[in-house]
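2 protein chains.
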Amino acid sequence: MVMSLEIVSSNKSFGGWHKRYKHRSSSLNCDMVFAVYLPPQAEQGAKLPVLYWLSGLTCTDENFMQKAGAQRMAAELGLIIVAPDTSPRGEGVADDANGAYDFGLGAGFYLNATQEPFARHYRMYDYVVQELPALIEANFPVSDKRGIAGHSMGGHGALICALKNPGRYQSVSAFSPISNPMNCPWGEKAFSLYLGEERSRWREWDASVLVAEASEKLPILVDQGDRDDFLEGQLKPQTLQAAAKAAGHPLTLRMQPGYDHSYYFIASFIDDHLRHHAEALA
Amino acid sequence: MVMSLEIVSSNKSFGGWHKRYKHRSSSLNCDMVFAVYLPPQAEQGAKLPVLYWLSGLTCTDENFMQKAGAQRMAAELGLIIVAPDTSPRGEGVADDANGAYDFGLGAGFYLNATQEPFARHYRMYDYVVQELPALIEANFPVSDKRGIAGHSMGGHGALICALKNPGRYQSVSAFSPISNPMNCPWGEKAFSLYLGEERSRWREWDASVLVAEASEKLPILVDQGDRDDFLEGQLKPQTLQAAAKAAGHPLTLRMQPGYDHSYYFIASFIDDHLRHHAEALA
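Read top to bottom, the protein sequences are chains G and H.
Residue numbering for the first sequence follows this note's numbering, beginning at -15 and increasing consecutively.
Residue numbering for the second sequence follows this note's numbering, beginning at -15 and increasing consecutively.
Since the hints were made in silico from the structure, they are not lab data.
Backbone N, C-alpha and C fix where the C-beta goes; we use that ideal spot for every residue, glycine too.
Check before you lean on any hint, since a few could be wrong.
What the hints assert, rightly or not - Among chain H residues calculated to face chain G with C-beta under 7 Å, some are: (1) Lys51; (2) Gly242; (3) Ser252.
Go ahead and model the full structure; you've got the sequences and the hints to work with.
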């Protein structure tokens, strides 16, 4: 098995370790960096559940680990957290034609692109669902329990990964997810360029469509700030809520008064999400 | 009183507000930005104690607020936190001749410069001890209790501000402070250029000197990682510890095994520091 990890950095944090690793990704055809938080229990021989955190537009593995304040509670709960990057990277990886923040580098949308010039590298779905967990499970003291969560574009990613893979995840949650990407400007741009103009092909990457057909009814926790500038135009959690309700899919949408789209919002409620995952992954 | 504040940004955080303000500083002769965390109690009519946080080399007001994870406990304790920038800023403010990170912009060292071309703007000591508290006390619901803390260069700043001003602060703490700046490369460079080559003038800005003469014995809490790359060459907390011991000044130096100089270290122990301050400021 050729899945070598090169350590990039290591910082002790809440009695555990925040580590960054570089590796060659076969899904993405490029080198990738990811971060992992290993709580203190990881050094004591325990097999721990893993929460995969998917970040939003423009982020790398670093934003969540630096700004969410998740390590304190992860250390208390004995939860490993893995944070991948948000797109393939490096020379030869196609980017937005105008370098826009909402497409290409930093904006992989957690799908498998079918359109050139993106299909060669942009396979973040395969990376997040298959390759990265295989790497984690081969190299770290993990149990067979997986949770997935994310923010904004990463909230969309967490939802579709869970909804498309019954049995693979035991918990899912999202902050401010792009809930119906087929019908918002960010999603329409990304899906057009990654998947082509045929809208019927977009349906398998849209949480509000997928939730209607999900065979597994994994309870979904969503937090959303009501002063989020992207709420009406891009995020549309009510569309997901309505689709879940119609399908009898358990979803808790908490509208948080006064909160915006930033990591100050995420930090304020991350403990609730970590507990939600830890309970399901125990 | 002309002390107008221009709001730069506002984010709800743990039921309170993280706000950034811009104002004209008369001490520094330039526009400055600072951040304030107002816990939920600030909207309920309470007069709250204030903790001033001084950041380290290269930082602005943002590093601490984004990375330390302090808001959760500050909200619980009802503590206002104020984070100034680390130097004067803007056009006309002299910088390091080679743009080095350890002097000039982002490296004001919390002293009053006497040497040209720095004396015109680099008066961070006056700014932090006098101007900024006056501004805070005129504009926010604060009690007359003040604490001061900081990291690295900001740990040095917190120590000297407290030691030089008996009665002004009721609590002090530091992470990884530059404890004897007269005798380390960072401090020797900064003091030479800000204060001139006459080393006897440096003594009033060095915590390990000041602690020997302090009339007020305010208990000092210091956390220091033992895998901090700057420990031996720059920080020298043992020098401060020895000086405090000789003077009978209460100082708790906690060597934290495995921790480095980063905000991952600060985040791991910030709650202890906030409690240390809240108890003294109650």
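Given a cut of 7 Å on the nearest C-beta pair, is the interface hint for Gly242 (chain H) held or broken against chain G? Interface hint status for Gly242 (chain H): holds (4 Å vs cutoff 7 Å).
Would the hint on Lys51 (chain H) stand, with a C-beta cut-off of 7 Å toward chain G? holds, 5 Å
Chain G contact restraint for Ser252 (chain H) - C-beta distance below 7 Å: holds, 5 Å
The structure meets every hint from the earlier list without exception.
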